[in-house]
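Protein chains in written order, with this note's numbering: chain D, 184 to 575; chain P, 184 to 575; chain C, 184 to 575; chain X, 184 to 575; chain A, 184 to 575.
Source of the hints: derived by calculation from the structure; they are not laboratory data.
These numbers were taken from a predicted model, which means no experiment stands behind them.
Keep in mind that the hints are not guaranteed to be accurate.
To be verified - Taking lysine to aspartate or glutamate pairs in the EDC-like style, the calculated list, with each CA pair at most 20 Å apart, reads:
(1) C/K369 <-> P/E492
(2) A/K200 <-> A/D279
(3) A/K480 <-> A/E352
(4) A/K369 <-> X/D360
(5) C/K480 <-> X/D393
(6) X/K571 <-> A/D500
(7) C/K480 <-> C/D345
(8) C/K413 <-> C/D345
(9) D/K369 <-> A/D500
(10) A/K413 <-> A/D393
(11) P/K369 <-> D/E492
(12) A/K353 <-> A/E486
(13) C/K571 <-> X/D500
(14) C/K570 <-> X/D500
(15) A/K480 <-> D/D393
(16) P/K219 <-> P/E263
(17) A/K571 <-> D/E486
(18) D/K353 <-> D/E486
(19) A/K480 <-> A/E492
(20) P/K369 <-> D/D393
(21) A/K480 <-> A/E350
(22) X/K219 <-> C/D462
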Amino acid sequence: SSSKVKKKMGGSRLWMKFDKFGESELFEWDKSSIIKRVGIPARDLRILGPVFSQSSNILARERAMVVNLEFIKAIVTAEEVLLLEPLRQEVLPFVDQLRQQLPHKNQAMNKSELVNDRDNKVRSTEAQWARTPEAVEGEQQELPFEFQVLEIALEVVCSYLDSNVAELEKHAYPVLDELARNVSTKNLERVRSLKSNLTRLLARVQKVRDEIEHLLDDNEDMAHLYLTRKLIQYQQSEALMNSAASHSLVPSQHALHRNSSHRSGSIMTSNYWDDDVEDLEMLLEAYFMQLDGTRNKILSVREYIDDTEDYVNIQLDNQRNELIQLQLNLTIASFAIALDTLIAGFFGMNIPCSLYNINGIFGYVIGGGTAFSFLIFLLILGYARWKKLLGS
Amino acid sequence: SSSKVKKKMGGSRLWMKFDKFGESELFEWDKSSIIKRVGIPARDLRILGPVFSQSSNILARERAMVVNLEFIKAIVTAEEVLLLEPLRQEVLPFVDQLRQQLPHKNQAMNKSELVNDRDNKVRSTEAQWARTPEAVEGEQQELPFEFQVLEIALEVVCSYLDSNVAELEKHAYPVLDELARNVSTKNLERVRSLKSNLTRLLARVQKVRDEIEHLLDDNEDMAHLYLTRKLIQYQQSEALMNSAASHSLVPSQHALHRNSSHRSGSIMTSNYWDDDVEDLEMLLEAYFMQLDGTRNKILSVREYIDDTEDYVNIQLDNQRNELIQLQLNLTIASFAIALDTLIAGFFGMNIPCSLYNINGIFGYVIGGGTAFSFLIFLLILGYARWKKLLGS
Amino acid sequence: SSSKVKKKMGGSRLWMKFDKFGESELFEWDKSSIIKRVGIPARDLRILGPVFSQSSNILARERAMVVNLEFIKAIVTAEEVLLLEPLRQEVLPFVDQLRQQLPHKNQAMNKSELVNDRDNKVRSTEAQWARTPEAVEGEQQELPFEFQVLEIALEVVCSYLDSNVAELEKHAYPVLDELARNVSTKNLERVRSLKSNLTRLLARVQKVRDEIEHLLDDNEDMAHLYLTRKLIQYQQSEALMNSAASHSLVPSQHALHRNSSHRSGSIMTSNYWDDDVEDLEMLLEAYFMQLDGTRNKILSVREYIDDTEDYVNIQLDNQRNELIQLQLNLTIASFAIALDTLIAGFFGMNIPCSLYNINGIFGYVIGGGTAFSFLIFLLILGYARWKKLLGS
Amino acid sequence: SSSKVKKKMGGSRLWMKFDKFGESELFEWDKSSIIKRVGIPARDLRILGPVFSQSSNILARERAMVVNLEFIKAIVTAEEVLLLEPLRQEVLPFVDQLRQQLPHKNQAMNKSELVNDRDNKVRSTEAQWARTPEAVEGEQQELPFEFQVLEIALEVVCSYLDSNVAELEKHAYPVLDELARNVSTKNLERVRSLKSNLTRLLARVQKVRDEIEHLLDDNEDMAHLYLTRKLIQYQQSEALMNSAASHSLVPSQHALHRNSSHRSGSIMTSNYWDDDVEDLEMLLEAYFMQLDGTRNKILSVREYIDDTEDYVNIQLDNQRNELIQLQLNLTIASFAIALDTLIAGFFGMNIPCSLYNINGIFGYVIGGGTAFSFLIFLLILGYARWKKLLGS
Amino acid sequence: SSSKVKKKMGGSRLWMKFDKFGESELFEWDKSSIIKRVGIPARDLRILGPVFSQSSNILARERAMVVNLEFIKAIVTAEEVLLLEPLRQEVLPFVDQLRQQLPHKNQAMNKSELVNDRDNKVRSTEAQWARTPEAVEGEQQELPFEFQVLEIALEVVCSYLDSNVAELEKHAYPVLDELARNVSTKNLERVRSLKSNLTRLLARVQKVRDEIEHLLDDNEDMAHLYLTRKLIQYQQSEALMNSAASHSLVPSQHALHRNSSHRSGSIMTSNYWDDDVEDLEMLLEAYFMQLDGTRNKILSVREYIDDTEDYVNIQLDNQRNELIQLQLNLTIASFAIALDTLIAGFFGMNIPCSLYNINGIFGYVIGGGTAFSFLIFLLILGYARWKKLLGS
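The following block holds chain D by itself, in its conformation from the complex (with noise of 0.2 Å):
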């Protein structure tokens, strides 16, 4: 089996560890390590693959999270964060922020407060309506280590989509203003590759903002990324099961335990689990609004847009109707012409004409040719005129 497995993981990539602590360490894994040590099908760990370089999934499993927001493709357990592509370009300012904000978060917190967390929140929540500062500032500081990876993460993926939005707006209405002034292929082409710089975006915040939506739709989905305190459920049902195993119980108990550990404890803690997914709501909460923000704004250039072209496209059609209308007035007059032409060359031709004997008529004639087809004209021009063909 293992040969197998090998073929099909290809070579190793880099990946960086951060700690609670945002002590961070580089490792050349390769795929199969990975699952071993974060416990997850290889199924899963395509998601961080190429594939899905332009998508955004995050991925609830027993033991950790699967992140890939944008640029980041992270693998977050209870107790460490695994980076991929530690040190492309786009990821260092999230490599900046969790070096500073992990240890500054988590320096007064070490895992025997963790299991008692309950306790601590009793009080939190007493304190928070005392309206001490403290209090405040203590609730924020509570959130597990998986949350915390999670918000520095939507973050720097929010603050990022957002400037690239900036500075697509920035460029877009300009290009689009003189477009409307003057179509050119040059200018057509601007826009054309805004447009679809512009659908990329959109694309990309779209299936952010979705993600986050569709785990806000789902607190079973929510419940599962509680990653800290499945642990430590784990952990508590394990000493229960192992005390209770040295006296001997039934196996139908183990089916119990299972069930427990599994579901962690659904009927029993049920009230305590919906409330605590509210802390991750509200997180999630505040960073959709932020991504929806930024998608109408996308949304708003895309309509300025498709305004655009439209005004173009009349504005084009109805300029091709006045040069026509131009072209019609010369073609009636270059018609009378035509026609005065059409008598010139009637008295040019060399064929005897009893005209051709009789002096001082010269004016006579050209006048009354030309007299003769400018009413032509000036009766096409009416006609064309009533026909409403023709404006003032």
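Following the hints, position chains P, C, X and A against chain D.
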């Protein structure tokens, strides 16, 4: 930690504080002061920032509700409103309404009554069926402080949006009819700016409407907005706990307390809960319908714009075809005249021709050539009509 | 307070009151009288105002239902209908139907029977299976007063909309076929006004349909509309409470009472509830299907308009190409003739040429020039055909 | 009351009655007879009327199901089918199928067995796992009468729609390819009529599909369609009540009875219920997929039409540009010739010129003029090519 | 009955059977043999028929799952796969994968172990937290047979679709850029065929994606797919019943048994159920994301096509206007020359004129006429530029 917080917060901004009795005070607060005062995470304060200036959101938090409705940016707690940028032009009517209506509604109500709210309600329900006008008025005065503020905010925003839409409508129809009559660059420019105004206004109305619809869809979110009720429940449960604590309860009761305070006693009073969400539901429903009507008006203007553009497009196309048809008529006639001119040109050549010596045929030659040309003209014209290219 | 209320309400309006037996009276009421009479907040009365003239809403309130279906603006309680603007042209059929059908349906029913409604129903259910016609008729007469009124209103509105759609359809197809045959400004204008009529009518039908669908989707909302049932339940619980009060119950029972009266005894009778929503569901379902059919008819007219416009667009484009093709043919021919004219023009120059002295070549020169021109004509024509620019 | 009913009903219509064994009879019934026979309100009978001729609906009522699938308009009870307009061309296959399949399926089943249906089912479930072919066949024969009829109706309607779509497809592709090759009024007319056929057919398929999807989405609605089961449960509860009545129970038990008969014993047998909805779910699922496939075929034809129209539009535009380019070439050439003609015209003037007396320059003058004109031609052509207006 | 069945079934088709250990056999079966073998109604077999060749469906039935994923048409039971048309080109990789992976995964597992699956799982869950690689591998091998097959099928189909999309992408961008550079009938034809390929491919990817999404949305449907579990539960309940039967239970217990076997013990083991749906959910989620990514790629190609077409449309319109502008320039120039020609023509008339006798004025006449014409040319050109019809 405090130095880092300060750096983030930047300068302080102007806030106006209202209490229940409409008393207002102006303050210069920075972000951290606000956070301490109302107990919300810094993250949630962002939606009052400049990025969300065109957006609308209502966030329910533990002790406060963050209201961002168009230009109204405020934090409402059970006891006071903190209003951001209270001196902006559009915000003034809101300030006026708060000053006028709050003292009026709350003058007979004081804190001791709020705790008795429950009994109060039973009595008012009875009274309600008795059909005395006082009862009805009474019911309306019963709304808790936070919803009084919310209603005033919705009222102000709805009438602001409505007047904007009315203005847009008054402006739009003449502009569009003018375009339908006469396509010109100037009219096109006016329709284009009309369209982008409309799109922006629609986005704003839609945002407020969607936010209210979102709240209406989720009973739990609405329940979170009952700040006064949550405060009373917290006070009651604290009182209970203090008395319990003096009787030395086991820690497991702590958890129970926490649950009931945090989730506002989800099991015991769940029926009671759903019940009172109805007040807010009725409030929001009425404004939702108003905003929906406003939105439908904008949409019908947009439909009219689209129809006009379709009309203009087909009209321009049709006019062009008529122009080309007239041009074609002239082209056919010109062709016939060119033919006749050619014939005349032949006889204008100085190369000897036997006809040059025959007298009296001048008229016949001209007549023959012209007749031939006219015949050609009629043939081509007939062909074009037979092909349905030229109409009658 | 009363002065402020009056200022808001403005003048009084004309209302018509109907009771169960079809007896009607005309009244001049202002807003506050109505609010006192039916016990709804002023906020809800707005949907009967002029802003909502094109909108449709059905609001369920504690003791009344506010019905705004197209032109029918009424407040229905368990015992009477208050109809706004009863003398408008479109409302008259509704008034007629109320006068005709209400006394007929309620003549055998009086208040005492309503309280016995429950037993009544059991009997009718048995009878139902027995397949006697009386039982079926009986079931239909069983509808409470508010639904009798609602059904008459839906009936009147549906047939009004249906006849409007039928008229639109009758008008639309000839106009569109005329446009497809002959694109002219007049026909375009007619289609444009047809489209805006259609859009307006569609919006109205859609609004009524959506409102009914919305009700059908939410069993709770439908249950709120059972005004008669809520009234009886309130009366019963009040009787119960009065007797209980005389036996001095503890306050906690008050809460129970309140709950059961307000939520209509949600636990005990929840099965009973769902059950009777079925009557309303069946009623609304039938009208929903009718409105859905009406809407589909309008949509199919719109599809036809869109298809016709697409057709006209392509047809105009195609005709233009054919016009230009014919023009191109003539341009080629004119070019050849201009060439021939040039040749003739050369020989019309007065500059001495040796050919001028040779007799008998006149025909050859003309023939040569014309043949050369014709050759050029054929070459260009062949080139155009080879390029597929000119068809056969 | 009866006179009013009659007036509403109008004339009687032709119905065909089938019982379980496929025995059919023809009747002339008016609306009121039908209403009495099957126990549905007059309101529901409307969906079989002419207004709904293009629509599809399935209504579940207490004792009957009203089926309006395309041309099949029938009322199905637990014991018989009443088929409207049984002699229409499209309905005949349905009549044939009913005659063929009903006796076959029900010959071994009689009323006494139906009551024993429950035990029966247990046995067949066991048999099912035993993998004997009879068991499988047995399961299929187990469908109650109303679903046998429903399946035959769906079968007939699906194959009818499918054959219509197949015909449309066979017709559509050649017409569209012909249009892409050659845009002509005739081809445009054919595509236009193709499109309106397609739109109509799509609406019909969609309507049937949506109706089935709607049923599949709502387990309660599906449960309502189990007419046979509801009949048996009613009979059982009635028997129970009769025996209970003979033991003089208190009225409160009446309510219980009513509930269990009406809601078919919702609590006790709720598991049993869900279970059997599966039969209908499997039945509808299979036809839903078939209709979904049919719909996808139509949609792909529509996509093909849209793509072809886009292609034709761009193609016509492109062809027009090419036409104008050729015309421009000719215009440039004509301009050059006009210039040359002008030069010749100058020397055709009878005003004395010194060149008129020099022999042998005729050729040079012609050559010079023509060379000059040709140079102008080349200059303008080069300018047009430099501007990218004329291609190679 | 059998004769009718045969007639319906038509000829037999080629099937390949795989068991757990990857052993395959080829069979010629007709429909009725398949129906007997896997116990599904004939109706469900249709989705493997030719009508559904472009569609994708997964049907969960009592003892089998009918899989129609693109080209893979198979029936999977808890113990074997029946694969239709196993020799088609596209199906071969699926056959290969089945042969390779099935024996590998199931070699250590046999029927007796399957019954012990429950205990097994408990152990593996413990192991999971222990972070030993074997545990993780173990978890993956734990998937029941039907999901092993499903995963292989999804794997094969996803990579097939992905490679198709990659090919399409590779082909699309050059074709579209070529069209943007040069609009020609050939390029248009290529884009048109690209579009219909894309539409077809999108429909296929969408169908598979929607089917998986549909499954993911409905936990009950996913639970139905656990064929192995359902089989074990059936066997256990049968064993239980047999022992119960030997103790002569009352018939009412039959019903209980029936329920628990059919609904797989919905009450007792409901927690256990939800739990295991998670395996399938994780499996489907991973492939859903992959298909969603594939779909997004196609959609972005379609966006690019739409943008290119918009660009080409505006570009063609703009080019046409430029063509017409150049033509207008020439028309104005031609008009001036025609005027000049007319003047020359006048003096070419043979009618006596006093100028004919004055020497030395030839140049002045030519100069005067030409100057006049040039002035007219400049006037008209200036007018056109003033009207913004001709640019610089």
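Okay, the hints, checked on the actual structure:
no.	hint	in the structure
1	C/K369 <-> P/E492	holds, 17 Å
2	A/K200 <-> A/D279	holds, 13 Å
3	A/K480 <-> A/E352	holds, 8 Å
4	A/K369 <-> X/D360	holds, 15 Å
5	C/K480 <-> X/D393	holds, 17 Å
6	X/K571 <-> A/D500	holds, 14 Å
7	C/K480 <-> C/D345	holds, 10 Å
8	C/K413 <-> C/D345	violated, 34 Å
9	D/K369 <-> A/D500	holds, 15 Å
10	A/K413 <-> A/D393	violated, 26 Å
11	P/K369 <-> D/E492	holds, 17 Å
12	A/K353 <-> A/E486	holds, 15 Å
13	C/K571 <-> X/D500	holds, 14 Å
14	C/K570 <-> X/D500	holds, 16 Å
15	A/K480 <-> D/D393	holds, 17 Å
16	P/K219 <-> P/E263	holds, 14 Å
17	A/K571 <-> D/E486	violated, 28 Å
18	D/K353 <-> D/E486	holds, 16 Å
19	A/K480 <-> A/E492	holds, 19 Å
20	P/K369 <-> D/D393	violated, 42 Å
21	A/K480 <-> A/E350	holds, 12 Å
22	X/K219 <-> C/D462	holds, 18 Å
Violated hints, in rising order: 8, 10, 17 and 20; the structure is consistent with all others.
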